[in-house]
Amino acid sequence: MESPNILNLTTIALGLTAVSFVVLGIIVFRREPRALLHRVFFSTTIGASLWVIAVLVVTVVNEYHALLFWIRLSHALASLFPCFVVALIYTFESDRHYPKAKVAGVFALGLVLGVLSMTNAIISDVAPPLEEKNVVYGALFVVYPLFFAGGIIFALHKVIRLLRRVRGLARLQLRYFIGGILASFVAGSLANIFLPLMGKASVDVRNLGPLSIMIAISTITYAILRYRLMDIRLAFGTVLTYGFAIVILCVVTALPVYVLQTFFGVRMEALFYYYYLVLVVGMVVLLFRPLRNGLESLVHRYYYRGAYDYFNTLLTAGKTTVTILDRDRLLKFLIDKWIDTIGVTGVIFFLRGPDGCFSPVAERHLPAHVPEDDSEARTRAEVEHEVEEGRAPEDNGEVRTPGRALMSHLEERSDVLLFTDLRGFVPQEKGRLLAKQMAALRAEAAVPVVVDGRLEGVFFLGSKLSGEPYSREDVKLLSTLVSQVTVSLKNAQLYQEVLVMKRYLENVLENMGNGLIAVDPSGIITTFNSAAERLTGLAAGKVLGKKAREVLDPAISGLMLQTMETAEAKGEVELEIHANEVIRYVSCNTAVLETPESGRRGAILVMSDVTQIKELEREKSQIQRLASLGQVAAGMAHEIKNPLVSIKTFAELLPEKYENPEFRINFSRIVSQEIERINNLVTELLGFARPSRLHCEEVNAGALMDEVLLLLSPQLDSQNIRVHRQYDPKVRPLWADKNQLKQAFFNVCLNGIQAMSAGGELRVSILAESGGNQSDKGSAPTGGKVKIVVEDTGVGISAKEKDRVFDPFFTTKPEGVGIGLSISHKIVVDHGGTIQIRSRQGEGATFEICLPVAS
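In UniProt numbering, the protein residues as written are 1 to 855.
Think of the hints as simulated: they come from the structure by calculation, not from any bench. Note that the Cβ used here is the ideal one computed from N, Cα and C, for glycine as well. Some clues are possibly wrong.
Restraint-style ranges between C-beta atoms, simulated for each label pair [to be verified]:
hint	residue 1	residue 2	range
1	120	63	47 to 55 Å
2	336	479	14 to 22 Å
3	279	452	47 to 55 Å
Only pairs whose alpha carbons sit at most 20 Å apart, straight line, appear in this in silico EDC-like list of lysine to aspartate or glutamate [as the list claims (entries may be wrong)]:
hint	residue 1	residue 2
4	730	698
5	490	415
6	742	707
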C-alpha cells in the first residue's frame with residue numbers, strides 16, 4: 001500500500017492549530033493560575049488540542065482499523081466541546097459559588113456520548129475508498145447533533161441571563177465568548193455534522209471543523225488577556241469593513257479578465273497577467289485606504305450609528321470646551337456631556353489646590369443603578385469580591401477623597417486608568433491598593449489632567465448605566481478629549497487667575513488714597529481710579545479712552561507727556577491744579593511704562609493731595625512768625641536803642657554846645673549814621689517779614705556763585721581765606737529769582753567768612769541730584785535738583801546753637817544783627833528748596849542748599 005502524504009497544507013494547518021491551542025492555554029493559565037476562569041479555559045484548550053490531533057491523524061491514516069479508531073476517537077473528543085463551553089459560562093456566575101455538580105453532570109453526559117462514539121452506535125463503519133474518509137453513521141448518531149445543539153442552546157440561555165446581571169468587563173467578555181463560540185459552532189457543525197449527513201462534505205471540508213475552533217479559542221483568549229477590549233460591535237464593524245473592501249477590490253480587478261475571457265474569447269498570455277498583476281497591485285495600494293475609510297464610515301453610520309454619533313458628539317464637545325474660559329461652566333459642560341453621551345452613573349473632578357491637596361470642585365451623580373430583582377442586592381462582602389474580580393462598586397453619589405498612591409500613579413503614568421487594568425497589575429500589592437482606592441471612590445475610570453508634567457486634576461468616572469465596560473475605543477476617546485480638556489482647563493485657570501488679579505488690582509486702585517492715572521504710548525488714558533476722580537473733579541467714564549492732553553489739567557498731562565518723551569521718572573513734583581473751580585495742590589510721581597513687544601512707552605502718574613499740608617505749612621509759618629515776633633521785638637528794641645542813645649545824648653547836649661562848630665559837625669554826622677543804621681535795620685526786617693514775589697527765570701548756579709565770591713573777594717583777601725570751587729558740568733539751570741538767590745548765597749558765604757577771622761578755606765560745591773521738586777509759586781515742572789554746598793573751616797557751631805541758627809537776630813559774632821541766615825532760609829524755602837546745616841564745635845560748618853532745576 002502506498003504511504004500517505006503526511007506533509008500537505010491540511011496537516012500543517014491542523015498541526016499548527018493544535019500547537020496554538022496549547023500555547024494560548026498556557027499563556028492564559030500562567031497569567032492567573034489561581035483564577036477559575038483561567039484554569040477552565042486551559043482545560044478547554046487542551047481538550048480542543050487533543051481533538052485537533054485526532055483529526056490530524058485521521059487525515060494521514062489510510063489503514064482501515066486505525067482510521068476507524070481515530071475517527072471514533074475524534075468524535076468522542078468533540079463531544080466534550082459543549083461541556084467545556086458550559087463550564088466556561090458558569091465561571092462568570094461566581095468563583096465562590098461555582099456549580100460543580102451541574103458542570104459534572106454536563107461532563108457526564110458528554111463522556112457517555114464519547115463512549116458511544118467509540119462504538120457502532122454513533123460511528124458504525126468507514127466506507128471505501130479509505131482516502132475519502134467516508135464515515136458510515138450508526139443508529140444513534142442523531143443524538144450527537146442534538147447534544148451539540150442542546151449544549152449550545154443551554155449555554156446561550158445562561159449567557160443571556162448572565163448578561164442581565166453581570167456588569168463591566170465580564171459583560172463584554174461574555175459577548176466575545178458568544179461571538180467566538182457561535183462562529184466556531186456554526187462553521188464546525190456545517191463541516192462535520194450537517195454537510196456530512198447530507199452527503200455533501202469532502203475530506204477537506206470536514207477538516208474545516210477543527211480549524212474553525214481557532215475562532216472561538218482566539219476570541220476567548222483575547223477577551224481574557226486584554227482588560228481594555230475593543231467594543232464587540234466596533235470589532236464586528238471593522239471585520240465587515242475589511243471584508244467588503246476585499247470583496248469589492250477582488251470584483252473590480254477580476255471582473256475585466258472574466259468578461260474578456262467569457263464573452264469575448266480573449267486568450268491571455270503570461271506576460272499580460274504579469275502586467276495586469278502590477279496594475280492590480282497599484283490599484284490596491286491607491287484605492288484600498290480611501291475605500292476602507294468610506295466603507296468604515298458607512299458601516300459605523302448604519303450598523304453602529306449610536307457609537308458613531310457618540311464619538312462625534314464627544315469630539316465636537318471637546319473642541320467646544322476650548323472656547324469656554326470660565327472653569328466652573330467648563331467643568332459643568334464637560335461632565336454633563338460625558339454623563340449624557342457615555343451614560344455613566346456619575347463624574348467627579350478633583351483639582352489640586354495651592355496647598356497641593358486635591359479636593360472636589362465639580363461633580364454630578366445619577367441615581368444609583370437598582371438591580372432588576374431583590375436577589376441581586378449586594379452586600380459589603382460582594383462589593384469586596386467585586387474589587388478582587390476587577391469590578392468597581394456602584395456609584396452612590398457619596399463624595400470621597402482619592403488616595404495618595406492612586407494620585408501618584410496617575411501623575412507618573414499620565415494616562416487613563418481603568419479599574420479593569422488593575423486585575424493583572426504588577427506588583428500585585430500595588431494593584432490591590434490602587435483597586436481599593438478606586439473602589440472607595442466608586443470609580444470605573446480615572447482620567448488625569450496633567451499640565452507641564454504635573455498632575456493638576458483627575459476626572460473619576462463611575463460605571464456605565466448600560467453595564468458595559470470601558471472599551472479600548474473609550475480609552476482612546478477619553479485620551480483625546482483629555483488633551484483638549486487640559487488646554488481648556490489651563491486656559492480657564494489662567495483666565496481665572498487673571499480675573500482674580502484684575503479684580504484685586506481694581507479693588508486696590510479703587511480703595512487707595514492716592515490718585516492713579518495711566519496712559520498708553522498714544523497718550524490715551526487707560527486707568528483712572530476713584531481717587532483721581534476726586535482730586536481732578538473729572539469722571540472716569542468721561543476721560544477713559546481719550547487723549548490726556550485733551551481732558552486733563554495741562555500741568556498733569558504735561559508732566560505725563562514729558563515723562564514719556566524723556567523716559568525719565570519724576571519724583572515729588574508739586575502741581576497746582578483746578579478741580580471744579582477749587583485750587584488743589586498735589587504731589588506727583590511718574591514712571592515710564594514700557595511695552596516689551598513694541599518698545600513704545602506709556603506713563604503712569606500717582607498723585608497725592610497735599611493741599612492741607614500746604615495750608616498747614618502756611619499756618620506753621622505764620623505761627624513761627626508770630627512766635628518770632630517777641631524775639632524780633634526784643635532784637636529791634638536792642639538794635640534801635642543803641643543809636644537812639646547816641647541821638648538822645650547829642651540832643652541833650654545840643655542846647656549847651658550848639659555854638660560849638662565841632663559839636664554841630666559831629667552831631668550831624670553821628671545822627672545821620674545812626675538814623676541810616678535804624679533805616680537799614682527796618683529795611684532788612686521788612687524784607688524778612690513781608691511775603692516776597694518771585695520773578696523766576698533760568699539761572700546758572702555756578703555763574704551766580706562766582707558773582708557772589710567776586711563781591712566778597714576783598715574780605716577773602718584781607719582775611720587770607722582760600723576758595724576751592726567744585727562745579728558739576730552736568731548741572732542744569734535753576735528755576736529761581738536771580739537777585740533773591742544771589743542775596744541768599746551772599747549771606748551764607750559771608751557767614752562762613754566771618755567764622756574764619758584767622759584765615760582758612762571756603763569750599764563751594766555745586767552738584768546735580770536726582771529726584772524732582774517744584775515750588776508752589778508757579779514754577780515749571782522739573783526733573784531734578786541742584787545741591788549747593790558751602791563749607792568753611794571756622795570755629796563751628798555747637799549742637800545747642802545749631803537749632804537756632806536760622807532764627808531772626810540770633811548771632812554768635814560780635815558784628816551783625818543775626819538776620820542774614822534767616823533771610824537766606826526764607827528765600828530758599830520760597831524757591832521750593834531746602835537749606836540744612838552740619839557742624840561741630842571747632843570743626844567748621846557746612847551749609848547744604850537744594851533747589852529745583854528748570855524744565
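Checked hints:
1. 120 x 63: 47 to 55 Å: violated, 19 Å
2. 336 x 479: 14 to 22 Å: Holds - the Cβ-Cβ distance for residue 336 and residue 479, about 20 Å, lies within 14 to 22 Å.
3. 279 x 452: 47 to 55 Å: Holds, at about 53 Å.
4. 730 x 698: holds, 15 Å
5. 490 x 415: Holds. Residue 490 to residue 415 sits at ~18 Å (cutoff 20 Å).
6. 742 x 707: holds, 8 Å
Checked against the numbered hints above, the structure violates only hint 1.
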